[in-house]
Amino acid sequence: MDKVYNIMSAMRGNMNRIILKAKAKVNLSLDVIGIREDGYHEMKMINHSIDLNDVLTFEACDEGIWLTSNEDAIPLDERNLVIKTARKLQSQFNVEQGVKIHLEKRIPAQAGLAGGSSDAAATLKALNTLWQLGLSQSELLAIGVTIGADVPYCLVGGTALVEGIGEKITPIKALQPMTVLVVKPDIDIATPRAFKKLDDSIIENHPDIAAIIELLEDDDYDGLKANLGNVFEAITFTDYPEIAAIKKEMLEQGALAAIMTGSGSTVVGYYRDEELAVRSWQQFRKKYPMCFLSKTEESEGENYVG
0 MDKVYNIMSA MRGNMNRIIL KAKAKVNLSL DVIGIREDGY HEMKMINHSI DLNDVLTFEA
60 CDEGIWLTSN EDAIPLDERN LVIKTARKLQ SQFNVEQGVK IHLEKRIPAQ AGLAGGSSDA
120 AATLKALNTL WQLGLSQSEL LAIGVTIGAD VPYCLVGGTA LVEGIGEKIT PIKALQPMTV
180 LVVKPDIDIA TPRAFKKLDD SIIENHPDIA AIIELLEDDD YDGLKANLGN VFEAITFTDY
240 PEIAAIKKEM LEQGALAAIM TGSGSTVVGY YRDEELAVRS WQQFRKKYPM CFLSKTEESE
300 GENYVG
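So in numbering that gives the first Met the number 0, spot 79 of the sequence shown is number 78, and the numbers just go up one at a time.
I should point out that these hints are in silico values taken from the structure, not numbers from a laboratory. For clarity, every value in this text was computed on a predicted model and none was experimentally measured. Any given hint might turn out to be false.
[As the list claims (entries may be wrong)] Mimicking SDA-like on lysine to any residue, the simulated pairs with C-alpha atoms at most 20 Å apart in a straight line are:
id, residue 1, residue 2
1, Lys87, Gln131
2, Lys285, Asp185
3, Lys83, Ile146
4, Lys195, Ile34
5, Lys247, Ala233
[What the hints assert, rightly or not] Across the chosen pairs, the derived CB separations fall in these ranges:
id, residue 1, residue 2, range
6, Ala209, Ala243, 24 to 34 Å
7, Asp272, His205, 28 to 38 Å
8, Leu132, Lys286, 28 to 38 Å
9, Ala173, Ile34, 25 to 35 Å
10, Ser135, Pro288, 34 to 44 Å
11, Leu132, Thr237, 42 to 52 Å
Just so you know, even glycine gets a beta-carbon here, dropped at the ideal spot from N, CA and C.
From just these sequences and the hints, can you work out the full model?
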């Protein structure tokens, strides 16, 4: 993992402009082991990337850090992890040069898809090159974990076992190519609030993460439906039965498996048959504007645009 990101070839001769995709993250399974002495939650989960993505454009300028977006609801100050990440790098490494950043937002916010964390990871990668910082991947990962728990994974991408507070990442066998249906109802769930409710609850059923890894290794996809698990479902489905109904409907419409990702409210369904996925998408989009068809990503892949 201790490699330097080499993105010079992706800049197509323009040393002052970089365009990157920031891919959405999905939890194939998610467990919360407990709370550490420092107050952080100890996690164990299987993450993978899908090709739903934001697009960020970085252009060097003489000074300042500027952020614009196609989405009016997106904060453009330090509440946005893009700004937070850029200022952190600028301060930590005494960078005098500035940057203009445009964020084309496609990943829904407060959806459990790590859109903000993926944007932050793209910012780390791009500014490492644009500002010629020369940071290795392990150094970027160390900075990333101070920004957000999902940032280290978003730096790596692919299918991986993620443990600790998000800093322990072990690549595992990638998911086979499948169509992924992503449905976000008009429900926003703040992650801190979800964790607080989880802390106040007794979780009786924890997902068997080892069993999921074994199923992936054996290409036993028939066993996924019964083994996928997310501890947040138990508390979230009680408060928001609509989310549980979306998952149930996906399975009834032929999804191989379905799960709520993160702390919600997005539900993802996995389809081997693309035509079946399209028919399901056509049904869900009648009710849910934030309804997307995507694909599993076998690895981190090519994140550069244009």
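Hint check:
Annotation: proposed proximity of Lys87 to Gln131 holds, straight-line Cα distance about 15 Å (limit 20 Å). With a C-alpha separation of about 13 Å, the suggested pairing of Lys285 with Asp185 holds against the 20 Å cut-off. Distance restraint check for Lys83 and Ile146: the Cα-Cα separation of roughly 8 Å lies within the 20 Å cut-off, and the hinted pair is therefore satisfied. Note on Lys195 and Ile34: the hinted pairing holds, with a Cα-Cα distance of about 11 Å set against a maximum of 20 Å.
With a C-alpha separation of about 14 Å, the suggested pair Lys247 and Ala233 falls inside the 20 Å cut-off, and the hint holds. Against the hinted window of 24 to 34 Å, the Cβ-Cβ separation of Ala209 and Ala243 comes to about 26 Å, which satisfies the hint. The hint said 28 to 38 Å for the Cβ distance between Asp272 and His205, and at roughly 31 Å that hint holds. Judged by the Cβ atoms, the range 28 to 38 Å given for Leu132 and Lys286 is violated: they are separated by roughly 46 Å.
Look at Ala173 against Ile34: about 31 Å separates their beta carbons, and that is inside 25 to 35 Å. Separated by about 42 Å at the C-beta atoms, Ser135 and Pro288 satisfy the suggested range of 34 to 44 Å. In this structure the hint that Leu132 and Thr237 lie 42 to 52 Å apart at CB holds, the actual value being about 46 Å.
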